[in-house]
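Build the full structure now, drawing on both the sequences and the hints.
Protein chains in written order, with this note's numbering: chain A, 57 to 170; chain B, 506 to 618.
Derived from the structure by calculation, the hints contain no laboratory data. Even glycine gets a Cβ: it sits at the ideal position worked out from N, Cα and C. Do not take every clue at face value.
Unchecked claim - Each computed SDA-like pair below joins lysine to any residue, with the alpha-carbon atoms no more than 25 Å apart:
#1 A:K125 to B:G547
#2 B:K532 to B:E568
#3 A:K98 to B:G508
Claimed, not checked - Ranges between beta-carbon positions, derived for each pair:
#4 A:A110 to B:I560: 24 to 32 Å
#5 A:P96 to B:P566: 25 to 33 Å
#6 A:T128 to B:M531: 27 to 35 Å
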Amino acid sequence: AQSVTQLDSHVSVSEGTPVLLRCNYSSSYSPSLFWYVQHPNKGLQLLLKYTSAATLVKGINGFEAEFKKSETSFHLTKPSAHMSDAAEYFCVVSDSNTGNQFYFGTGTSLTVIP
Amino acid sequence: NAGVMQNPRHLVRRRGQEARLRCSPMKGHSHVYWYRQLPEEGLKFMVYLQKENIIDESGMPKERFSAEFPKEGPSILRIQQVVRGDSAAYFCASSPGQLLEAFFGQGTRLTVV
Numbered sequence: 057a058q059s060v061t062q063l064d065s066h067v068s069v070s071e072g073t074p075v076l077l078r079c080n081y082s083s084s085y086s087p088s089l090f091w092y093v094q095h096p097n098k099g100l101q102l103l104l105k106y107t108s109a110a111t112l113v114k115g116i117n118g119f120e121a122e123f124k125k126s127e128t129s130f131h132l133t134k135p136s137a138h139m140s141d142a143a144e145y146f147c148v149v150s151d152s153n154t155g156n157q158f159y160f161g162t163g164t165s166l167t168v169i170p
Numbered sequence: 506n507a508g509v510m511q512n513p514r515h516l517v518r519r520r521g522q523e524a525r526l527r528c529s530p531m532k533g534h535s536h537v538y539w540y541r542q543l544p545e546e547g548l549k550f551m552v553y554l555q556k557e558n559i560i561d562e563s564g565m566p567k568e569r570f571s572a573e574f575p576k577e578g579p580s581i582l583r584i585q586q587v588v589r590g591d592s593a594a595y596f597c598a599s600s601p602g603q604l605l606e607a608f609f610g611q612g613t614r615l616t617v618v
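Written out as structure tokens, the structure is:
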């Protein structure tokens with residue numbers, strides 16, 4: 057079965073310091089992995105995606121993520137947090153065996169302290 | 506190219522009424538997904554449709570919920586005889602192909618009073 061585990065439900069960082077949001081997945085097949093961001097009362101915006109090309113994926117707003125198959129991880133990072141980064145972040149997995157679903161993690165709420 | 510459009514953004518219904526949620530996918534996208542987000546939770550898959558066909562409805566409650574994606578017009582998620590537990594945010598996503606990246610709408614926030 058496919059699943060996504062976001063290890064931290066809440067992360068708090070100071071503005072200007074690095075961000076690390078952790079995600080582990082389980083998948084029997086070659087997965088596609090995504091990170092989405094959701095600002096309060098807004099829809100979801102795609103930050104970045106991994107689909108079996110380069111393992112280090114660069115996304116929008118300075119975010120990037122590295123696919124590590126040996127660790128089944130896809131952690132999201134950013135070198136320097138900005139106040140506007142405060143939001144909910146979702147790690148998502150899909151693969152050819154999930155049928156037609158994108159599986160969402162439970163989300164990580166990022167707080168940025170001025 | 507407009508994004509995925511959902512309307513209404515907010516919907517209030519009394520218990521027992523019907524709720525109808527609309528989703529217009531991005532231009533050129535023929536794959537539509539519906540997800541439900543309960544407070545403090547992630548998104549749960551409900552149904553996946555292609556034009557005029559329901560491909561996977563494994564996440565849909567067996568009763569009161571239905572979805573369609575007609576040849577012309579938006580995809581509709583219909584909830585009959587709503588109950589308080591149906592209160593949630595309902596998100597629609599569209600994709601140009603199966604399991605390619607999905608683009609999400611702003612969601613419809615349903616409140617049942």
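Status of each hint after checking the structure:
Proposed proximity of A:K125 and B:G547 is supported: the alpha carbons are some 24 Å apart, at most 25 Å. Between B:K532 and B:E568, the direct Cα distance comes to roughly 31 Å. Violation of the 25 Å bound is thereby established for this hinted pair. Proximity of A:K98 to B:G508 is assessed by CA-CA distance (about 13 Å); at most 25 Å being required, the pair is judged to hold. The hinted window of 24 to 32 Å between A:A110 and B:I560 holds, with their beta carbons roughly 31 Å apart.
Taking the beta carbon of each, A:P96 and B:P566 are about 27 Å apart, inside 25 to 33 Å as hinted. Evaluation of the 27 to 35 Å hint for A:T128 and B:M531 yields a pass: the beta carbon distance comes to about 31 Å.
The structure fails to meet hint 2 from the earlier list, while all remaining hints are met.
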